[in-house]
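Enquirer: For reference, the chains in residue letters:
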Amino acid sequence: MTAGTGTASASATQERTDTSSAPTGTPLLSVRNLSVHFPLKRGFIVQREVARVRAVEGISFDIYPGETLGLVGESGSGKTTAAKAVIQLRKPDSGSIMFDGQELLGMSNSELRPIRRKMGMVFQDPYGSLNPRMRAGDIVGEPLKVHGLAESGDDYRTQVSALLTTVGLSPGMAERYPNEFSGGQRQRLGVARAIAAKPSLLVLDEAVSALDVSIQAQILNLLQDLQDQYNLAYLFIAHDLSVVRHISDRVAVMYLGRIVETADSKDLYENPLHPYTQALLSAIPTPNPRLEQSRTRIILQGDLPSPMAPPSGCHFHTRCPIATEACSLTDPDLRQLAPNQAAACLLATGYDAAPSPVSRV
Amino acid sequence: MTAGSTSKSTPLLQVRNLRTSFNTPDGKITAVAGVTFDIHHGETLGLVGESGCGKSVTALSIMQLVPNPPGVIEQGEVMFDGTDLLKLSNKEMQAVRGSGIGMIFQEPMSSLNPVLSIGRQITEPLEVHLELGKAAALDRAAELLNMVGIADSRQRLDDYPHQLSGGQRQRVMIAIALSCEPKLLIADEATTALDVTIQAQILELMKNLTSQLGTALLIITHNLGIIARYADRLNVMYAGKIRESGTAEQVYLNPAHPYTIGLLNSVPRLDRPATDRLDPIPGEIPDPSDLPTGCAFRPRCRWATTQCEIDEPSLEATGVQNGRTDAQPANAPALVACFEANAVATSIEMART
Ligand SMILES: Nc1ncnc2c1ncn2[C@@H]1O[C@H](COP(=O)(O)OP(=O)(O)OP(=O)(O)O)[C@@H](O)[C@H]1O
Ligand SMILES: Nc1ncnc2c1ncn2[C@@H]1O[C@H](COP(=O)(O)OP(=O)(O)O)[C@@H](O)[C@H]1O
Ligand code: SF4
Ligand code: SF4
Ligand SMILES: [Mg+2]
Ligand SMILES: [Mg+2]
Numbered sequence: 000m001t002a003g004t005g006t007a008s009a010s011a012t013q014e015r016t017d018t019s020s021a022p023t024g025t026p027l028l029s030v031r032n033l034s035v036h037f038p039l040k041r042g043f044i045v046q047r048e049v050a051r052v053r054a055v056e057g058i059s060f061d062i063y064p065g066e067t068l069g070l071v072g073e074s075g076s077g078k079t080t081a082a083k084a085v086i087q088l089r090k091p092d093s094g095s096i097m098f099d100g101q102e103l104l105g106m107s108n109s110e111l112r113p114i115r116r117k118m119g120m121v122f123q124d125p126y127g128s129l130n131p132r133m134r135a136g137d138i139v140g141e142p143l144k145v146h147g148l149a150e151s152g153d154d155y156r157t158q159v160s161a162l163l164t165t166v167g168l169s170p171g172m173a174e175r176y177p178n179e180f181s182g183g184q185r186q187r188l189g190v191a192r193a194i195a196a197k198p199s200l201l202v203l204d205e206a207v208s209a210l211d212v213s214i215q216a217q218i219l220n221l222l223q224d225l226q227d228q229y230n231l232a233y234l235f236i237a238h239d240l241s242v243v244r245h246i247s248d249r250v251a252v253m254y255l256g257r258i259v260e261t262a263d264s265k266d267l268y269e270n271p272l273h274p275y276t277q278a279l280l281s282a283i284p285t286p287n288p289r290l291e292q293s294r295t296r297i298i299l300q301g302d303l304p305s306p307m308a309p310p311s312g313c314h315f316h317t318r319c320p321i322a323t324e325a326c327s328l329t330d331p332d333l334r335q336l337a338p339n340q341a342a343a344c345l346l347a348t349g350y351d352a353a354p355s356p357v358s359r360v
Numbered sequence: 000m001t002a003g004s005t006s007k008s009t010p011l012l013q014v015r016n017l018r019t020s021f022n023t024p025d026g027k028i029t030a031v032a033g034v035t036f037d038i039h040h041g042e043t044l045g046l047v048g049e050s051g052c053g054k055s056v057t058a059l060s061i062m063q064l065v066p067n068p069p070g071v072i073e074q075g076e077v078m079f080d081g082t083d084l085l086k087l088s089n090k091e092m093q094a095v096r097g098s099g100i101g102m103i104f105q106e107p108m109s110s111l112n113p114v115l116s117i118g119r120q121i122t123e124p125l126e127v128h129l130e131l132g133k134a135a136a137l138d139r140a141a142e143l144l145n146m147v148g149i150a151d152s153r154q155r156l157d158d159y160p161h162q163l164s165g166g167q168r169q170r171v172m173i174a175i176a177l178s179c180e181p182k183l184l185i186a187d188e189a190t191t192a193l194d195v196t197i198q199a200q201i202l203e204l205m206k207n208l209t210s211q212l213g214t215a216l217l218i219i220t221h222n223l224g225i226i227a228r229y230a231d232r233l234n235v236m237y238a239g240k241i242r243e244s245g246t247a248e249q250v251y252l253n254p255a256h257p258y259t260i261g262l263l264n265s266v267p268r269l270d271r272p273a274t275d276r277l278d279p280i281p282g283e284i285p286d287p288s289d290l291p292t293g294c295a296f297r298p299r300c301r302w303a304t305t306q307c308e309i310d311e312p313s314l315e316a317t318g319v320q321n322g323r324t325d326a327q328p329a330n331a332p333a334l335v336a337c338f339e340a341n342a343v344a345t346s347i348e349m350a351r352t
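Sequences listed follow chains A and B, in order.
The numbers in the first sequence follow numbering that gives the first Met the number 0, run straight up by one, and end at 360.
The numbers in the second sequence follow numbering that gives the first Met the number 0, run straight up by one, and end at 352.
Worth flagging that the hints you see were computed from the coordinates, not collected in a lab.
Quick reminder that beta carbons are idealized off the backbone N, C-alpha and C, glycines included.
It is possible that some hints are incorrect.
Unchecked claim - Residues on chain A that point at chain B, a partial pick, calculated with CB under 10 Å: (1) K144; (2) G147; (3) I214; (4) S241; (5) T285; (6) P286.
Whenever a hint applies, use it, and build me the whole structure from the sequences.
Expert: Here you go:
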């Protein structure tokens, strides 16, 4: 399979010189041709591989210091798997992950340890991801202990108090247990723990998805403040495309394990070039009844195909409203179609042909 | 569709002063604290609000499905098609649930029986409520699956729920809910667990089928976009009460309750240019067993006065709508439960110009 291995990444490095909004310098994280497969094994004594879920298949992207890359796509498209591979929670099958100038693939656990400190992660479930038997202060302070970042007991407590304050909780809450916090407060604890060891990259996997909108807005503001304050880079995974637009500098859209479009946030939302991105954007109802009355929507037919047996050619051809015969035969590479935008579609062209599905009012 | 015992001009559903509470170890929770609203024949009403505000308990109360204990419907009337559902026996209520009101929940896996084929689950209500024979029920079941967009419907009747995707399960739920042509369909967070592309499929399907069949639809969701797209009118709930009620145009384009305004400002919007920062409602939802005195929104409200601490505002037409710029699309004025509604609307109007 050669597909999806296009080198045009979220910010194609070669084209960088002629772009205006793209960040400069070297990427903090540079992922190339990353693949993660899950073998499906059968058999009692001798296990044979009977199938393979190609959860992530040859994806490439860069994240620069202090910026946010949004990762979107339907359930099962491989977002979490990609994120886990990046922070070394799951071993990739192939590819390259350069972080802070070092290749992570092939490193031993002891070599990885100091690097892990530089990467934090916040998960979706504010309930499930915190140990219910640990006090809030110890949850937040755990990374300080693991990485030996506190000089004394006093220093530890000072740092924990400062972390709680940073995320908008009061230091007095350190003694409480997770069940004594609301959902939004628990997510603040999750953020505090993730930034405790002063990472340079945070992976946020559906970190605000389970929250009510008023609390979600508070956490999004907090994340933006922390980013400004500490020059944090974010890999922000969410299925809510309006949230992703709000927080991301650039966005990569995944479909069945591949990145099918990547662009500066503004370009992606104003001029989506891939038919899948167009359908995704047009599927989102906006809180605007007048606009909703007048908008025509692209309603995709059918479900996401099984990643164990993805469709031939372009993976999207079974649901693509404009697919032609060629689409089931040829697997499109990501092509650079506009200065900061690349799409993996045989028929996609530059801006002229792509009206925004959400025309503003 | 058979004519109801009431005329078309009488609302299909009239909920009056509904009050439902739970006795929990932490104390009494009044989940629905005096809710009044109508649903007219064939219309789509939205019920929107953040988690815990009482949306589901309102729906469960209408359907008489509130778990008891710990739940009690303390007072109120639920007039459906001329009958007060709160006065019906279990058996009579079961008939209403089968054929008068259909309901779809968020998690189709828990509302479908995992050990029964989906064919059996669709034919059962047809046999019970419409008294169809086995063969006729099977034919109808296949038709229904077809109607909700499941291909090879004959073969799929033998499938079990786990063999279907989340979207397909929700389609089956819609087929079951609509099988006896109810006059009202209640969809409680029915698409919340689904991907946006599947969510769009299911919502369009629900909207098209209910408008074809003349079924009224109550859409319950925390998603402001879904209501804007599909609902004719909406009720905004907070802490067990309806705080604002009106047509989608009224409430979205000229919100008058501080909570509605706060909700609309909290969400990043694809229909507007990107903003640097969101403007969230400060604070958190109050503890339901320990609500603030007066207006329950007060601790988070930037317009609160001392009156708000003492008295509870009721849902009223405030005359605010006179100052509104848009033509009144419906005869009924928007209703707002806020002492400061006039001042709020004026300041919003001024900020806009
Ligand atoms: N441990 C595992 N073993 C086998 N298959 C897996 C495993 N983890 C994930 N997969 C499969 O890999 C694919 C990608 O899964 P992943 O969790 O990365 O998706 P996602 O994009 O994060 O979806 P969601 O939006 O639902 O979180 C899916 O088909 C999933 O079923
Ligand atoms: N079975 C129950 N036992 C105790 N409290 C309940 C029960 N069901 C709901 N509640 C409480 O009632 C309130 C309203 O809940 P609900 O209607 O489910 O909210 P939502 O608006 O999210 O649907 C909440 O405070 C909730 O905790
Ligand atoms: S390559 Fe063909 S099937 Fe794939 S997205 Fe483009 S038009 Fe659609
Ligand atoms: S009644 Fe008072 S506290 Fe309640 S929403 Fe209105 S101004 Fe705010
Ligand atoms: Mg995931
Ligand atoms: Mg609910």
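Enquirer: Any hints this thing doesn't respect? Which numbers, in order?
Expert: 1, 2
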